[in-house]
Amino acid sequence: MIHAQGLSKRFKSHQKAPGFKGAIQSFFDRQFETKTAIENFDLEVAPGEIIGLLGPNGAGKTTLMKMFTGIIVPSEGSLNVLGTVPHKRSRDFRKQIALVMGQKSQLWWDLPALDSFLLLQKYYEIDKKTFEHRLNELSELLNVTKLLRVHVRKLSLGERMKLELMSSLLHDPKIIFLDEPTIGLDLVAQKNIRDFLLNYHGETGVTLILTSHYMADIQALAKRVVLVLEGQKRFDDSLEAFAGILGGAKMVAFRFGSVVKRQDPFFEPFSPLWNAEGTRVELNIPEDRLRELGQQILRDYPVVDFHTENLPIERVMAQLLERPELL
Amino acid sequence: MKVYLAKWGATMAVTWSNLLVYRVNFILQSIAPLFVFLLVKLSLWYRIYEGQPGLIGGYSFGQMAAYHLWVMITGLLVFNGNSQRISEDIRLGRITSYLIYPFSLWEFHGAGFLARTLLQTGIAIFTIFAALALLGGRLESPSFGPFVLGLLLAILGGVFWFWINYWVGLVAFWLEETWTLMVMLQIVTYFLSGAIIPLELYPEWLRTILLYSPFPYIAYGPAQLMMGNLEGVGRAFLVLGFWALVASWFAQWVWRRGLRLYTAAGI
Chain C
2 MIHAQGLSKR FKSHQKAPGF KGAIQSFFDR QFETKTAIEN FDLEVAPGEI
52 IGLLGPNGAG KTTLMKMFTG IIVPSEGSLN VLGTVPHKRS RDFRKQIALV
102 MGQKSQLWWD LPALDSFLLL QKYYEIDKKT FEHRLNELSE LLNVTKLLRV
152 HVRKLSLGER MKLELMSSLL HDPKIIFLDE PTIGLDLVAQ KNIRDFLLNY
202 HGETGVTLIL TSHYMADIQA LAKRVVLVLE GQKRFDDSLE AFAGILGGAK
252 MVAFRFGSVV KRQDPFFEPF SPLWNAEGTR VELNIPEDRL RELGQQILRD
302 YPVVDFHTEN LPIERVMAQL LERPELL
Chain Y
4 MKVYLAKWGA TMAVTWSNLL VYRVNFILQS IAPLFVFLLV KLSLWYRIYE
54 GQPGLIGGYS FGQMAAYHLW VMITGLLVFN GNSQRISEDI RLGRITSYLI
104 YPFSLWEFHG AGFLARTLLQ TGIAIFTIFA ALALLGGRLE SPSFGPFVLG
154 LLLAILGGVF WFWINYWVGL VAFWLEETWT LMVMLQIVTY FLSGAIIPLE
204 LYPEWLRTIL LYSPFPYIAY GPAQLMMGNL EGVGRAFLVL GFWALVASWF
254 AQWVWRRGLR LYTAAGI
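Residue numbers (this note's numbering), protein chains in the order written: chain C, 2 to 328; chain Y, 4 to 270.
Keep in mind that the hints were calculated from the coordinates and are not lab data.
Using N, Cα and C, we set each Cβ at its ideal position, and we do this for glycine too.
Any given hint could be a false lead.
[Unchecked claim] Cut-off 20 Å, straight-line C-alpha distance, at most; resulting in silico cross-link-like pairs (EDC-like, lysine to aspartate or glutamate):
(1) LYS5/Y - GLU126/C
(2) LYS96/C - GLU110/Y
(3) LYS13/C - GLU180/Y
(4) LYS13/C - GLU179/Y
(5) LYS105/C - ASP93/C
[Unchecked claim] From the structure, some residues in chain C lie toward chain Y, with a derived Cβ separation under 7 Å:
(6) ILE72
(7) VAL74
(8) ARG95
(9) LEU112
(10) LYS123
(11) TYR124
Only chain C is shown next, with the shape it has when bound in the complex (with noise of 0.2 Å):
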C-alpha cells in the first residue's frame, strides 16, 4: 500500500533577525537555512494496516503526511502509494485517499455541511444512490444527520470534526491519513471519535495513518507504532513492543500521609512525577525491582496506599524524548 525507500525532504527558509533593524538586514542581506525535515526514511504498509505516527512537534511526522498524500514533493528517495508516485497526483490516486486535518477544515464555513458535502459527491464522481447511501449511514453512525442542515460557522468543535471526517470517507477510500483528528475536542467527543475509527476500521478494513499527540488515540486504535525524531525513524514495530521499549517497566503511584521531601535522591533514578503538595509520586520501576524496591518504600516512607499498573505509553513517550539514548 505504501513502500517508501530512502525518503528525504529538506526545506529552505530564510532567516530574519528580530525587529525592525533585523527587517532592513534581511532585505538586503537575506540568509537562508536549510533544515532536514526528513532523512533517509523507509516504510512499508501493508492494506488494512493502523498505523500510529508518533513523535514531538517538529519530528516530520506532517512532513511524512504530505508527501505520501502528494502535497508536497520528496528532495530525495522513491516512494510509491497505491501503486502510483504521489506528487504526480493523478486523478485516480486523490481518488483514492483521504486527509483529515484536524486543524484545518475543508468544510465551507458559511454553508451548511451537506452543501460541502454534494459538492464531493460531484468532485469524486459519486452517483446519487451511493452518495444518498453513505450520507445516511455515516451519518447515522456518526450521529450528525440534524446537523447536517446547520451552518458550519454554528457547530461546536466536536460536531464539525465529525462532519469533516464524515466529508472524507464519503467517497470510500481505500486509505485515510489522520492528522491529529482529536485535537482540542474534549475527553467525551475524542473517544467518540475514536471508536467510530475503530468501528469503520472493522467494517471496511480501510488503511489508516495517523498522527496525534493524545495517547490515548494511538493507544486505542494503532496495531502498529512508528516514532519520528528529528525526522529519522527510530522505532518501528507493535504498539507492546512499544510500551516494553523500557525493559517491561511498571509505573507505581504511592500515596503518603505526610508530605515527603520531593528533592530525596532516592527517588531521582525512577523518573518520580510528584503532586504539588508532596504526597502523591508516581515512580518508573523495573519489574525485576519491583519487589524489592516496593518494600523499600512500604518500609521507609509514610505510605497509606499504593498501586501499579504498565507504564502508560505517555511515560514511555516521554522518557524516551528525554533519554533517546534508551532507543
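Based on the hints, put chain Y in the right spot on chain C.
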C-alpha cells in the same frame, strides 16, 4: 464530459450560495456600480463639459456618458478576479484540500470566476435598464449585433483577466504579500484599457503601441462595440485571444514551478 461539467456546476452553485449568505453585503455590491457611475463619473464629466461645451476627444457629453456606462458594464464582466483569495489560500496552506480533491485549484477558481461573472451579468442587465430608465432619451439604445460582439469581447477579456489574476495570486509561492502587485497591475490596466478616460485622449504613439497589447480590448474595445462602432473588431478578438492563451500558459507554468516550493503550512 458530463461528469466534468457537473464538477464545475457544483462549484458554481456553492460559490453562489456563499455569495448570497450575507444579504446586505450582496445588495450593496449589486447597486454600488450604478451608484458610483451616476454620482461620480457622470457628475465629473458633466462639470468638465460645462466649462468646455462641444466635443472632447470627439465625444459629446451624451457619448461620453454612454462610453462610461458601457465601460462599467464591461468592467462588471471582466474584473471578477480573486487573486487575493488565491494568495491567501497558498500562504495559509488552504490549497491543500485542492491538492487532495480530484478537482484542480485552477478549475475551482475558474468555476468561481464563472459563477461571479454570471451573477455580475445579472447585475449588469439590471444596471443597463436602470441607467436607461433614469437617463431617459439622453442615452442611445445599443444595436443588437455590435452589442453581442461587445459582450463576447468582454467575456474574452474576462478570461484573460482571470488568468492574470490567477498568476498574480500564485506569486504567493514566492512573495509573502501579493496585494501591492495586484493593485499596481489593476491601476495600470484601468489606465491603459481606457476605463478611466477614452483612448482618443491619449497620444497617438501610445495608442499605436497599445493596439498590440491586450489592454484596450478589455474596456475600450467592448465599449466601442456596444456603442455600435465595429472598427478593428477582428483584430480585437485576435490580439486578446492571443494574450489570453499566453496568460493561461504562463499561469500554468508558474503553478508547476510554485508547487515545488509549497510547504502546506499550518497542517
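We went through each hint and held it up to the structure:
1. Between LYS5/Y and GLU126/C the CA atoms are separated by roughly 10 Å; this keeps the pair inside 20 Å, and the hint holds.
2. For a cut-off of 20 Å, the pair hint linking LYS96/C to GLU110/Y stands: about 16 Å separates their Cα positions.
3. Distance restraint check for LYS13/C and GLU180/Y: the Cα-Cα separation of roughly 19 Å lies within the 20 Å cut-off, and the hinted pair is therefore satisfied.
4. For the hint pairing LYS13/C with GLU179/Y, the CA-to-CA distance comes to about 15 Å; that is within 20 Å, so the pair holds.
5. The straight-line distance between the Cα atoms of LYS105/C and ASP93/C is roughly 24 Å, outside the 20 Å bound, and the hint therefore fails.
6. For ILE72/C, the shortest C-beta to C-beta distance to chain Y is roughly 5 Å, which falls under 7 Å, so the interface hint holds.
7. Satisfaction of the interface hint for VAL74/C is found here, the shortest Cβ-Cβ separation to chain Y being roughly 6 Å, below the 7 Å cut-off.
8. The restraint placing ARG95/C at the interface with chain Y holds, with a minimum CB-CB distance near 4 Å, inside the 7 Å limit.
9. At about 6 Å, the closest approach between the beta carbon of LEU112/C and any beta carbon in chain Y falls short of 7 Å, and the interface hint on this residue holds.
10. Annotation: interface hint on LYS123/C holds; nearest CB of chain Y at approximately 4 Å, less than 7 Å.
11. The restraint placing TYR124/C at the interface with chain Y holds, with a minimum CB-CB distance near 5 Å, inside the 7 Å limit.
Consistency note: the structure conflicts with earlier hint 5 alone.
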